[in-house]
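With the hints as constraints, model all of the structure from the sequences given.
The chain contents come next:
There are 2 protein chains.
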Amino acid sequence: MANREFDVLVIGGGPAGIITAVTSKTYYPEKSVAILRREKKVLVPCGIPYVLYTLDSPEKNIIPDDPILKKGIEIIVDSVKKVDIKEKVAFTESGDKIKFEKVVFATGSTPTEPSWLEGRDLENVFYIKKNIDYLRDLKSKLSNFKNIVIVGGGFIGAEVADELRKYGEKKITIVEKLPHILYLAFDEECCIKAEEELKKGGVDLITGVGVKKIEGKGKVEKIILENGKSIDADAVILSLGYKPNVKLAAEAGIRLGASGAIWVDEYLRTDYDHVFAVGDCVERKDFITRRISKIMLASTATSEARIAGANLFKLQVVKTFTGTIGIFSTKIGNNAFGSAGITEAMARELGFDIVIGEAESIDRHPGSLPGAHKQRVKLIASKKSEIIMGAQVFGGDSVGEIINLLGFAIQQKTTAGGLLISQIGTHPLLTSAPTTYPIIKAAESLISKI
Amino acid sequence: MANREFDVLVIGGGPAGIITAVTSKTYYPEKSVAILRREKKVLVPCGIPYVLYTLDSPEKNIIPDDPILKKGIEIIVDSVKKVDIKEKVAFTESGDKIKFEKVVFATGSTPTEPSWLEGRDLENVFYIKKNIDYLRDLKSKLSNFKNIVIVGGGFIGAEVADELRKYGEKKITIVEKLPHILYLAFDEECCIKAEEELKKGGVDLITGVGVKKIEGKGKVEKIILENGKSIDADAVILSLGYKPNVKLAAEAGIRLGASGAIWVDEYLRTDYDHVFAVGDCVERKDFITRRISKIMLASTATSEARIAGANLFKLQVVKTFTGTIGIFSTKIGNNAFGSAGITEAMARELGFDIVIGEAESIDRHPGSLPGAHKQRVKLIASKKSEIIMGAQVFGGDSVGEIINLLGFAIQQKTTAGGLLISQIGTHPLLTSAPTTYPIIKAAESLISKI
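Those protein sequences? They're chains R and Z, same order as listed.
Quick note on our numbering: the first sequence kicks off at 8 and runs consecutively.
Quick note on our numbering: the second sequence kicks off at 8 and runs consecutively.
Simulated from the structure, these hints should not be mistaken for laboratory data.
Since the structure is predicted, the reported quantities are computational estimates derived from the model, not experimental observations.
Take the hints with a grain of salt, since some may be wrong.
Chain copies aren't distinguished; within one or between two, either way the pair holds.
With a Cα cut of at most 20 Å, we get these calculated EDC-like pairs of lysine to aspartate or glutamate [unchecked claim]:
1) K78 - E367
2) K32 - E367
3) K32 - E365
4) K250 - E120
Given below as structure tokens:
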């Protein structure tokens, strides 16, 4: 049992916690900063699906501590039992008392466990947890199973399916209640493209149907769908999203938002000026819709963390986060998909008056060059202002950065006309031709409809 | 001999001409538009180096006519002898008279031929011409030569060298008068990286020395450098840049700028309201330095063409081109390089008060994923305003789009702080980790120095 004291105590060691700590050290090098985390080793969260096949083991998917330690940040492996906000002290499981001037909740999220689902306690029902021991065990078990059913076709479900099909001899099935997989991030045409890729890889897809129960004697044997059909299963992976870890903050008296996540202002402050929260545990407002956003992404978390870290002691980064914009990318088979901002379907549902622009090209020029891949850009803009509200891209690996360009354009409130006259660079071996560069052609197609 | 009449006559069939014609048809579908060009088939200009090895033949590097014809644009293969601006008529070599309401000069550029260089008329002295027959002949000749010397280490010289070294058994040498290859687009550290790649591929580099003369009896035998050394050569490729084709416009009485290229305003109009000019034949002003820019890129040309095409009959795209920003990318060996805006060296030379930010990461996360490539971002910003003026990137293939993101940010007059708080998307198989995303880390490094 020890008493310690830091200027900044960050609770949680994932990307949000790390970047808050590192940024605070950049802006306030004289302050003492500690990260208190549960895990000895921290996983790269978005890399988790790839430990199931592509990477030899979860140990290959670790965020190194070195850059953190080199910044002069202390890492404490322990668990926080209680935080006294007024006395500015945290109590740990191992009995330590840690005084702080500023505290940051970066407590993350855990997989949603469906209390309504009968059979969820059977052996061989799994989640995609952010825990290295659990994942090592999961990988070794899955490698022996033949029939694996994934419930939930969001990013994690789709990426896990694409990994597991690489074993070759397994029967992998995704069950998704919505009409399509990835349907919260993409419009139909992109979803269908991703579905085709998974099917080509041998994955079975059942969409538009929910799961009723999991059956088996002790162990999983089959899964029963809402339509009465049953699927044989040696294992079930439940990928139904993640819920924010808010218990510690709530018990400390920190205000929660309407969604149940931690309420924060634009500077990532809670209702106490010396208490910040960042990452999956906070409530976000959507950049476009101005409603609560359920997005949980490491990239979003680190953006928040940079603002929190810079503003811990002085509000210096004044041009702040003006809402969360979901910028996603993923790869299924040999195809990459990206989405930024609002989808067409969501925009129409929420009553936005919109116009769409689309263009297709090839990501090398001429298209006969080796490695060339078809690419497609869709833009969603407000009809009156022409401001870009959403974008979706399909193509080769460069999609990961094209969607960042479009995400940046959305944040800059760029109009379709602004995109149209933007100067770009192209190269035969790296991009589409200047004559067919799909962002500009999609802007042109959009404008021609107004 | 025939008399014909079009609302819009575009002289020149390269990317600038094509995009002017296509854009004008998008904005003014009722107008009749013709492209008059010399070539039966038009080459993808930036793809030209890759016809020398990677592509089977120049025929694989053709811009298809189909999309142009489908837009209702007429293609006339002929050559213009004379344009009468006042009478609004063009006279062709084959004796046709073509009346027009608006005319667009998109006459392009041709390789610079050094009048000062003794031996330049010897057999086997070549240029990288934008002509399919010439290139077919060049490829067949080069395939039989062993010692090839490339004079000029700009993009074309470097890319041609990287292509020719793929034959394996040739001795390829670049001679560059400046201290480094690619030195007008990149700062030293990127140039050195590119030089290392070429050397690894077996290319000999001689930098900081000019060429004195080419020697041989009828045919090239050797090249003599300014320092007296000689290099055996079966062939010499002179890649000393390109000069704008302005003869036709000058003879028509169109005003030329101080650099000798066609003078145009921000709407790409010449000094006659009904006469436009776009592409390599026009004089450009640099986006940052406000001086004349010598950049010649198909991407720049097509940006101009979109504005010209939209504004031919009404000035509708009012937020215009505010200067030319060079956005380059290239690939040498397995490494890609990108540059946008001003280099550090150029900024210092021109008296800008600047600050630099740099960051390195890996373009997959975790870095143990297959295909991972180191990447590096350098930002150059104005010290007082923090506005980004230039950027350079080194890495894998995604550099082609990262540099477009940075080029877009420069055009939006983004500050380092603006980049720092930008939200981005990341994916293990497509991008760097959110914690190390190099654009944001470079912005952070830049700000920490102010």
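Against the structure, the hints:
1. K78 - E367: Answer is between; shortest inter-copy Cα gap is 16 Å, intra-copy 45 Å.
2. K32 - E367: Answer is between; shortest inter-copy Cα gap is 19 Å, intra-copy 45 Å.
3. K32 - E365: Classified as between; 18 Å across copies, 44 Å inside a copy.
4. K250 - E120: Result: close within a single copy only, 9 Å intra versus 68 Å inter.
The structure fails none of the hints (numbered hints given earlier).
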